[in-house]
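Protein chains in written order, with the working numbering: chain A, 14 to 196; chain B, 3 to 95; chain C, 21 to 1021.
No lab work stands behind these hints, which were simulated from the structure alone.
Mixed in with the good hints, there may be bad ones.
Derived, one-sided and incomplete: chain A residues facing chain C with beta-carbon distance under 7 angstroms [what the hints assert, rightly or not]:
#1 S18
#2 R67
#3 A134
#4 P137
#5 D139
#6 W175
#7 S177
#8 Y181
Restraint-style ranges between C-beta atoms, simulated for each label pair [unchecked claim]:
#9 A:A144 - C:A484: 32 to 40 angstroms
#10 A:G58 - C:S259: 47 to 55 angstroms
#11 A:P146 - C:S259: 27 to 35 angstroms
#12 C:E560 - B:V86: 52 to 60 angstroms
#13 B:V86 - A:Q107: 21 to 29 angstroms
The beta-carbon is built from N, C-alpha and C at its ideal position, and this holds for glycine as well.
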Amino acid sequence: MVDLSALRRPPIIAASPMLRLQPPAARHILRAAPAVLEAAGEALGLSLSMPVCRASIAATRAALWLGPDERLLLGEASSAIETARRLQQALQQQPHSLVDVSHRQVAFAITGPQAATVLAAGCPLDLDPGAFPVGMCTRTVLAKAEIVLWRRADDGFHLEVWRSFAAYVSGVLAEAARDLADT
Amino acid sequence: MLLISCPYCGARPELEFTHAGQAHLARAREPAAVGAQDWADFLYMRDNTRGVHAERWRHTHGCGRFFNALRDTTSDHFVATYRVGEPPPQGAA
Amino acid sequence: MTQAFRSADRGRVDRTRPLRFSFDGRSYEGLSGDSLASALLANGVHLMGRSFKYHRPRGVLAAGAEEPSALVSVRRDAARYTPNLRATQVELYDGLEAHSQNRWPSLSFDVGAISDLLSPLFPAGFYYKTFMWPRGGWKALYEPCIRAAAGLGRAPREVDPDRYANRYAHCDVLVVGGGPAGLAAALAAADRGARVMLCDEQAQLGGSLLAEASGDPTDAWLARSIESLRAHARVTLLSRTTAFGYFPHNLIALNQRLTDHLENPRAGQTRERCWQVRARQVVLATGAIERPLVFPGNDRPGIMLAAAARSFLNRYAVVPGTRAVVIAACDEAYRAAIELHQAGVAIAMIGDVRARADGDWPEAARRAGLPVQTHTTVLGTEGRLRIKAARLLRLDTERRPIGAIQSHACDLLLMSGGFTPSVHLHSQSRGKLAWDQRVQGFIPAQAAERVRSAGSCRGVFSLAAAIEDGADAGSSAAGDAAACTTAFPAAPDSSRAAPDGAMAGYAGALPQPQAAPGSKAFVDWQNDVTTRDLALALREGFVSIEHIKRYTTAGMATDQGKTSNLNALGFVSQRLDKAIAEVGLTTFRMPYTPVTFGSFAGFARGELFDPVRTTPIHEWAVQHGAVFEDVALWKRARHFPQDGEDLHAAVARECRAVRGGCGIFDASTLGKIEVVGRDAVTFMNRMYANAWTSLAVGRCRYGVLLREDGFVLDDGVVARTAEDRFHVTTTTGGAPRVLALMEDYLQTEWPELQVWLTSTTEQWAVIALQGPNSRRVLQYLVQDVDLSAAAMPHMSVARGAICGVPALVFRVSFTGELGFEVNVPADYALAVWAAIYEAGAAHGITAYGTEAMHVLRAEKGYIIIGQETDGTATADDVGLGWAVSKLKPDFVGKRSLARLAMSAPDRRQLVGLLTSDPQLVLEEGAQVMLSSGQRPPARPIGHVTSSYYSATRERSIALAMVAGGRSRVGQTLCVAATSGDVPVQVTSPVFFDPEGKRLDG
Ligand SMILES: [Zn+2]
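Based on the provided sequences and hints, a complete structural model is requested.
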C-alpha cells in the first residue's frame, strides 16, 4: 500500500524578491463566545482575549483575532492533532466550533523596507506603522482577493490567503514589486 | 469608495463591505401566523428614503459581522453605525 | 528656419540641450523644457489642428491643461500611439513624433473643411433633425459617416504593451496643485507635523510662478519652498500627477505619468500609476483658467489667451508673434502686452472691452507708450491658416458706434476675459458653489467633504494673498487632521477674493452693432459650438442650462468646457436677461483631464484581470490535455480529448466509461461549510427545507436551500459527521452566497443559537469516483473505511484514510451510478488522485470533465442550480417537492410556499423532452410552444434548460421547464429553433435507470 502522507504539494505561486511562501502550518478556526475563548486560550498557553484586530504569540503558537467570536490559531504543522486534543479536553461541554483549515490557506512572508508599499498596490488599508502597528492583524482585501494580513515587524508582514488565490495574490505582489523599482 | 466605520473594527474602506439592504426588518418569530399582505410587504416592500436611511452592511472581508448604519442617501455620509440588536443612536434620525 | 521665434534671454528652457522632433512628418528643433506646443511656436508653427465639426484650422489657445484645440497624437511605435493629447501638456523629448488629427489629406489642406462652408446645414441638434429617414439609416449609414468626418484622433488597434500600476495611499493632508497657494499649504501642514501629499499635473512645481520671468523675486521663494518640502520626511511630492477624480469620503484619484516624457523608457517600466489617496483633509489649490472672449472669427491660429502668451514667453522663451492686437476685459492682459512689447512684439492696439481701464497695469502700459482704447469690441478677424488682421469698433454703452471701424494688421491676437476659478474638484466632491460678483465667477461655498480651497481657485488672485490663503488652509487642515475632526470646514471667508474691476473680466459674447451673417463666434472651441448654436437652442425653447448644454454639446468635449462653460452661461444670461447665478451651472464630472484606460486597469489585465482559481488537481488535468471552462472564478476541466477527439466524441467516451466502468472527476470546487455547535441541527432545520433531526451520524441527505421568498437558492449533499457537526456542500458558484445567507440569519435572526460556520471549501479536495467499478478501484487504497454496501450504503459518510492520508469518504452519486467522493486535505490531493488513477487502470478508469458530468446528471434528471432554476422556481417546480419537509413548523422560505401563486397548476415544471429526430440536439434556452407555426406575439409555455446528446441513450435528450409540465407527459409540443420549429414529446425528466438500480453497482 502506498503512503502519500509525506507528499504535500503547495500551490504554484509567482516568484518575487520580497515574497516567501511559508512552510505548511497547523491552522484552526476556533469560534466561540468570549468566555469560552478565554478558557481555550488557557489550554493553549496564549491569550485569545486580545484586543480587536490583534494577534497574540506564545512560543510556536499564534492566535489572530478575525472577528469577535473568531480566532485563527497557527502552529507548527505537526501540532495540529495536539491543538485539537487540548481544546477538546478543555472545552468539552462548552459550546464552540473548532475546524481544521490547515490546507485551506497558505502563508506568505513579505519583508523588507518596502513591504508596506508593495502591499499598498492592492490593499486599501493605511499600513503606516502608526495606523497598522506591529501585532495588528485583520482580514482585508488585496486587489480582488481576500487575505488575512498580520504585521510581525516594522518591515515584515505575514499574509494568509486561500489556496486557490495564492497564485493571484503572489502575481499581484510580483507586479507591485516590479512597479516599486520605478518609484 | 466610502469609508465605513465597522462597530467592531473601526473605519475601513468600502471594498471590505457588502451592502445588505434595509435595516430593522425583523423576520416574524412565527411566519405562519403572518397574513399574506404583511408577508408580501416583508418580502418585497422597501423604503426609498431621500435623507437618512437605516441600512445593513456586513464587514465581509473583515470581522464578518453584520451591522446597521444610518446613511444620508443625498450625501453618502454616515450619521452612525451600530451593532445588531442595538437601537439607532438617539437623535440621529 | 530654426526656432526663429525663440527669445534670446527669457524662459526656463535649457538652451544647451536641443531636441529633434517631428510634427506631421516634418522635422523641427526644440529645447529641453519645451512643450510640444511651445516648440512648434518657436518654429513659427501656429497651425496645430483641425476643429471637430467644421474642420477649421486651429492653433493653440492656451498653455496648459485647458487647451481645447491643439490636440495631437504622439506615436512611439505601432502599439504606443496616444491620441487626443494637448500639445501644451506634451513634454518634448528627443525623437518625439507627433501628428495632427481630424484632417485629410493634410493639416493645411483639409477636404473636410468644406463642412465649414456647409455649416448652415449643421446647426445645433442637427443629428436629431436630419437623419430621421430611412429607418435604420442612422446605424447603417449616417452614424458611421458622421463619426468618420467629425471627431478626434484614432485609437491604436494593437494591444497596449505598457505596464500600469495601482497604489493606495493615505495622508493627513492632500494638497492638489503645486502653485503658490498649494506650496504654501503643503509647507504649513508639514510644519505642523502632518503627513502631507502634494500633487501637480506639471513636470515642475510652481504653477503660475513658472510663467513669471526668470529671475523674478518669486523664483527664490519657489526654490526655497520646494527645498523645505523635500526636507520633510513625511511629505510626498508627486509631479506629472493629475488629481482627476474626487470620490466620497475624501478618496481622490491621481494619475501619475512616469514615462511619457522620456526619450527611452526602460523596457517594462511602469507608464502610469493610478493612486487612490484617502486623505483626512484636502486642500485644493487648483488655480484659475483664463477665459477667452467671444467674437466672430475668434478661433484662428494666432489667437490665444494673454496668460498663455506670458507663459510661452517667460517659461518657454517663445515670442509667439511679431505684431499683436490685445483685447482686454481684465488687467492681466496689460501685463502680457507690456512683457511682449519688451520682448520686441509690436502692440498694434490694446482694446479694452470695459468703459474704464485705470488700474496699475493699464497705467503702466500707457506709460510704456502702448496704444490703449476702452469701449472696444471685435467685429471679426481675417486670415486662413493664421490671423492677419482684426477689425475693431468702439461702442458706447447704448451700443452706438464711436468712430469708424478699425482694421489692425497682426499675426497675434491676445485676449483676456478674466479668470475662471478651477472649482472642478470641489464640485465633484458635491461641495456647493456660489456666484461671486467681485470675482465674476463661481467659487467654492459650503464643503461636502473635509476640503478647503485656497488661492485663485477660490478667487484669491493676488500672489501675496494666495500664498497667505494657502498657508492658512494648510495649517488649519493639519490641525483638523490631527484632531480627527469629522465636520466639514465652514464656507470660506471670501473677503480675500479679487477686488472689483481689475480681474473680474467678462462672460458671454462681446457686443455686436448688428448681426453678421455667416460669421462664427466660438464659445466652445473643442466641440465647435458657436453663439449661433446657443441662440438657436434658446429660440427653440430650451431654458435649462443642462438642456442647452446637451442640445448644443457646449462643454461636453474632452476638455469639459474648461474655457467655455462660463462664456456659455454668460451668453445665455445675456439673452435671457437673467443673472448668471440664476442661470445655474452644469455638473462637473471626473476625470478632470482624460485618463488612459491602462491607468484605470492597472495590474488588472491578462492573467491578473481576475483571480484564476485552480484546484490542487489542476496540474494533472493540464498534463492530461484537459480543455477548461470558467465556472465562477474557477478553471474546471470540461473534457479530456484524446487523439484529436472533438468535444462531442470526448464527452461520449467519458460518459460510456462512467456507465460501463469507472470515471474519476475533480469535484474540489464544490462549496463546503462546516456547521458546528450544540444547536447545529436546530440551525439546519431552520435553514434548509429538509428535515435533519432524523439524519443519523454517518449519513448524508440531499439538501435544498430556499430563499425567504420560497424559491430555490442552492442545493448540495449534507453529511452529519457528528451529533453537533454537519459537513454541508454547496454549488461551486453558490458557496459565498450560501455562507453569507447562513451568517445573516445566524447573526441577525437567531443570535441565540450556539452554532458557528466555517468555510472548508479549500481545505478539502474532492475526488469523485463514479461507475460500477468504483468500489473495486478504491477498496485497496482506503484504510479504516469499509466500502461494502452493507457498511456503507448510498448516502453515507465515513472518516478514515486513503494512501495514508486522512480522508472523509462519501458514498454519493451525481451520475446515477455507484459512486464515492473522497475528500482529502488539499495539499495531498494531487498525489492521492494520481494513486487512484494508477490503481484504476486495471478497471478502465477514465477522467471525465464537467461536460460529461452535465450529461450524466441530465440523463438522470438531476437539476443544476442556475440551469434548471432561475430564481423563480420552487422545489416542487423542479421535482424536489419530496425534499421539502411538511412537518417542520418553519424554515427559510416556508411561509412563502403557502402563497397561492406558489402552487398554481400552470407553474413551469421540470419535464423531459425528446425530439422525433434522435440526432437533433435542441438549443438550450429555446422556447417551448404549444403548437408550431405560431406568429408573433406567440406565447411560449416553457423553455429548454438543458440539452445534450446522450451516448447512453444513443439519442438527444433535453430538460425543460414547461407550464403544467407534469400533466403534459405524452403530449407533443413544439420547440422554436433557428432552423424551424421542432416537434418534441414531453416525457419524464429521468431518461435512464428510472428505478435507480444502478446506484448499487
Ligand atoms: Zn469589522
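Structure versus earlier hints, numbers of those that do not hold, lowest first: Result: hint 2 breaks, nothing else.
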